[in-house]
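Which chain is which? The protein sequence lines are A and B, in order. Under this note's numbering, think of the first position of the first sequence as 3, with each following residue one higher. Under this note's numbering, think of the first position of the second sequence as 3, with each following residue one higher.
What the hints contain is simulated information worked out from the structure, not anything from laboratory work. Since the structure is predicted, the reported quantities are computational estimates derived from the model, not experimental observations. Check before you lean on any hint, since a few could be wrong.
Once the Cα atoms are required to be at most 16 Å apart in a straight line, the calculated EDC-like pairs of lysine to aspartate or glutamate come out as [stated by the list, open to error]:
| id | chain 1 | residue 1 | chain 2 | residue 2 |
| --- | --- | --- | --- | --- |
| 1 | A | K115 | A | D241 |
| 2 | A | K127 | A | E156 |
| 3 | B | K286 | A | D116 |
| 4 | B | K181 | B | E100 |
| 5 | B | K174 | B | E100 |
| 6 | A | K115 | B | D289 |
| 7 | B | K286 | A | E269 |
| 8 | A | K273 | B | E269 |
| 9 | A | K127 | A | D85 |
| 10 | B | K127 | B | E156 |
| 11 | A | K127 | A | E161 |
| 12 | B | K173 | B | E100 |
| 13 | B | K286 | A | D241 |
| 14 | A | K285 | B | E269 |
| 15 | A | K286 | B | E100 |
| 16 | A | K273 | A | E302 |
| 17 | A | K181 | A | E100 |
| 18 | A | K286 | B | D116 |
| 19 | B | K285 | A | E269 |
| 20 | B | K273 | A | E269 |
| 21 | B | K115 | B | D241 |
| 22 | A | K286 | B | E156 |
| 23 | A | K115 | A | E269 |
| 24 | B | K127 | B | E160 |
| 25 | B | K115 | B | E269 |
| 26 | B | K127 | B | D68 |
| 27 | A | K173 | A | E100 |
| 28 | A | K174 | A | E100 |
| 29 | B | K127 | B | E100 |
| 30 | A | K127 | A | E160 |
| 31 | B | K286 | B | D241 |
| 32 | B | K115 | A | D289 |
2 protein chains.
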Amino acid sequence: MNFSHLLFTAAIILSSALNGQNSLPAIIIHGGAGTIERGMLDAETERAVRGDLQAALDAGYALMRDGGSALEAVEIAVTLLEDSPFFNAGRGAVMTAEGKHELDASVMDGSTKDAGAVAGVTTIKNPVKAAVAVMHHSPHVMLSGPGAEAFAREKGLEEVSNAYFTVPRIKKRFTELNKAEGHLPPEEKEFSKFGTVGAVAIDASGNIAAATSTGGMMNKRYGRIGDSPLIGAGTYAHDATCGVSATGHGEYFIRLGVAKDISDQMEYAGKTLAQSAEHTIHKKLHDLGGTGGIIALDSEGNHVAVFNTAGMYRGFRNEGESWTGIYRNEDPR
Amino acid sequence: MNFSHLLFTAAIILSSALNGQNSLPAIIIHGGAGTIERGMLDAETERAVRGDLQAALDAGYALMRDGGSALEAVEIAVTLLEDSPFFNAGRGAVMTAEGKHELDASVMDGSTKDAGAVAGVTTIKNPVKAAVAVMHHSPHVMLSGPGAEAFAREKGLEEVSNAYFTVPRIKKRFTELNKAEGHLPPEEKEFSKFGTVGAVAIDASGNIAAATSTGGMMNKRYGRIGDSPLIGAGTYAHDATCGVSATGHGEYFIRLGVAKDISDQMEYAGKTLAQSAEHTIHKKLHDLGGTGGIIALDSEGNHVAVFNTAGMYRGFRNEGESWTGIYRNEDPR
Chain A
3 MNFSHLLFTA AIILSSALNG QNSLPAIIIH GGAGTIERGM LDAETERAVR
53 GDLQAALDAG YALMRDGGSA LEAVEIAVTL LEDSPFFNAG RGAVMTAEGK
103 HELDASVMDG STKDAGAVAG VTTIKNPVKA AVAVMHHSPH VMLSGPGAEA
153 FAREKGLEEV SNAYFTVPRI KKRFTELNKA EGHLPPEEKE FSKFGTVGAV
203 AIDASGNIAA ATSTGGMMNK RYGRIGDSPL IGAGTYAHDA TCGVSATGHG
253 EYFIRLGVAK DISDQMEYAG KTLAQSAEHT IHKKLHDLGG TGGIIALDSE
303 GNHVAVFNTA GMYRGFRNEG ESWTGIYRNE DPR
Chain B
3 MNFSHLLFTA AIILSSALNG QNSLPAIIIH GGAGTIERGM LDAETERAVR
53 GDLQAALDAG YALMRDGGSA LEAVEIAVTL LEDSPFFNAG RGAVMTAEGK
103 HELDASVMDG STKDAGAVAG VTTIKNPVKA AVAVMHHSPH VMLSGPGAEA
153 FAREKGLEEV SNAYFTVPRI KKRFTELNKA EGHLPPEEKE FSKFGTVGAV
203 AIDASGNIAA ATSTGGMMNK RYGRIGDSPL IGAGTYAHDA TCGVSATGHG
253 EYFIRLGVAK DISDQMEYAG KTLAQSAEHT IHKKLHDLGG TGGIIALDSE
303 GNHVAVFNTA GMYRGFRNEG ESWTGIYRNE DPR
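Given these sequences and hints, build the entire structure.
This is the structure in structure tokens:
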């Protein structure tokens, strides 16, 4: 951890201490981390992206303010992010080497430690809803491929054609990538890798839930499964510690068990959320050579968004605070 | 944790302390945990089962004694357990609801934290070798379904027909189960659930590796993925702490992140391997209502086999000690 990270951590701790008890409910979301530099998005796109982040925050927050659970809040927030064409999840997902979309999602309820996940679904409009259905209506945690699809269909989830997920921006990038592999600017290839959406919420009762959804990695082959549908890697929630949703180069997140690693430092070392998240991202992920980030909320409503990339689409809302962020160093605290 | 567990833990700690430094290399294996009571196996079967456990131990141990790595040792040991018809992995795997075999495996190298896994392969003779190939020869950690199979084929791994995995004992149980669902003795249904094989080894250099392989759950549907192919749940290895391979009701092991949970207690709470494993299995898994167990080795060569079922097929070998076990309370220490 370098000096600026230490300062950043200190600032977060100080800010939390001055705030005292944070107000509940609260929700934090992300739309992926990567090489998102100022100037890469035109003003109109940036406005639209921030609008979609805000809509997801508002929907999740309003639902909890009206008595809904953290689990329902992360489901609606991630559903809206899946429906947005700007993020690599649901509509707007990247394409496999075969030019198709294979989607993964997971969800965890920190009060019961129930969890659900789907990997490699291709026609379920909202994979996060399939993950919730697995959690509620099957004895299993993780279903994959055509089996997961059949299960979601039996549960009456909305189906679409695989082409529904294709948006022109991704189709164009896919075509260019496969016409000129190796000639694209590195940041564009990097960007393709890190798309994921996620949400972590804590409701008025103090229950924490987390959900993550993704289209995976552009040009992926071989039925590759990343960290997003893996409980403990891309998603974790435990009421006594925190909820976490991750985004980044998934293989590194699996090897480190990033989401659970943060929770376990709080549980076993008595660290704060900020200390734990900083250690996992800026020390462990950094040392292994991985890139990406996480959003998280602890049992007192403290929140962090920690990433080692140039930017991360993100936002936070509770009673007194509401913001969205894209680039580094624009969070209000 | 009840009093007998405390006593058991105390006995292990005392035994380790008296032993001082354990001799390296060392290997511990399992062939699944479940309702394995004395008298369920006839004498001839028990002899054959113990023989196959011993053969796996001996192969892994000999390889390391001759300078091989922990990674090579767990690969050969798990390969032999997959080839044995007695365990739910490779040949002898249980059947899906469609009467087929879908196999999962994972491996992790604690020195590099590299990992590999396959889920839902149907014609690769040794799924653990496919997991090792993913780790060494792909940029990914986890491949699934036909894609994982295509990858393994490209790497030249041995293929068999799906029927190769069928043994008469499993075929008979599958037929009975589907003829008389609900009328089978509970222990037989339970037994079907907990089959998994695994190995954890530490080589002369102190490198730790772990591997797990399974046929999953009898009558499974919907492309269900259990804990065996999931890094952090069924398998974990970290040279600074320990290596773990789990077996049990996989959904609980995923929700708790069992393998990483044990490693994290050592890393973040400074607990011993025995204390960590006892807490995860006898407190956390117990409280959640899950059943199963783990084998593990720490960086000093201490080993544990902890389970909350009637039995677990298991065995250990280092220079001075070599044993196999099936029932509770038959380990030499």
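* To do: Quickly compare the C-alpha distance for K127/A and D85/A to 16 Å and report which way the hint goes.
  => 8 Å, holds
* Asked: Between K115/A and E269/A, does the CA-CA distance stay at or below 16 Å?
  -> This hinted pair holds, its Cα atoms lying about 15 Å apart.
* Is K181/B within 16 Å of E100/B, Cα to Cα? -> 14 Å, holds
* Asked: Can the restraint linking K286/A and E100/B be considered satisfied, given a maximum Cα separation of 16 Å?
  -> 43 Å, violated
* Hinted pair K286/B and D241/A, Cα distance within 16 Å -> The hint holds at about 14 Å.
* Does E100/A lie within 16 Å of K174/A when you go C-alpha to C-alpha? -> 15 Å, holds
* K286/B and E269/A: Cα distance at most 16 Å? -> Holds, because 13 Å separates the two Cα atoms, which is no more than 16 Å.
* Are the Cα atoms of K286/A and D116/B separated by 16 Å or less? -> Distance ~14 Å between K286/A and D116/B Cα, so the pair holds.
* **Hint consistency between K127/B and E156/B [alpha-carbon to alpha-carbon, up to 16 Å]** => Holds, at roughly 14 Å.
* Within a Cα-Cα threshold of 16 Å, do K115/B and D241/B meet the stated pairing? -> Between K115/B and D241/B the Cα gap is close to 9 Å, so the pair holds against 16 Å.
* Has the given pair, K286/B with D116/A, been kept, meaning a C-alpha gap of at most 16 Å? -> Cα-Cα ~14 Å, so holds.
* **Hint consistency between K115/A and D241/A [alpha-carbon to alpha-carbon, up to 16 Å]** => 9 Å, holds
Hint check: violations occur at hints 15, 22, 26, 29, 31; the rest are consistent with the structure.
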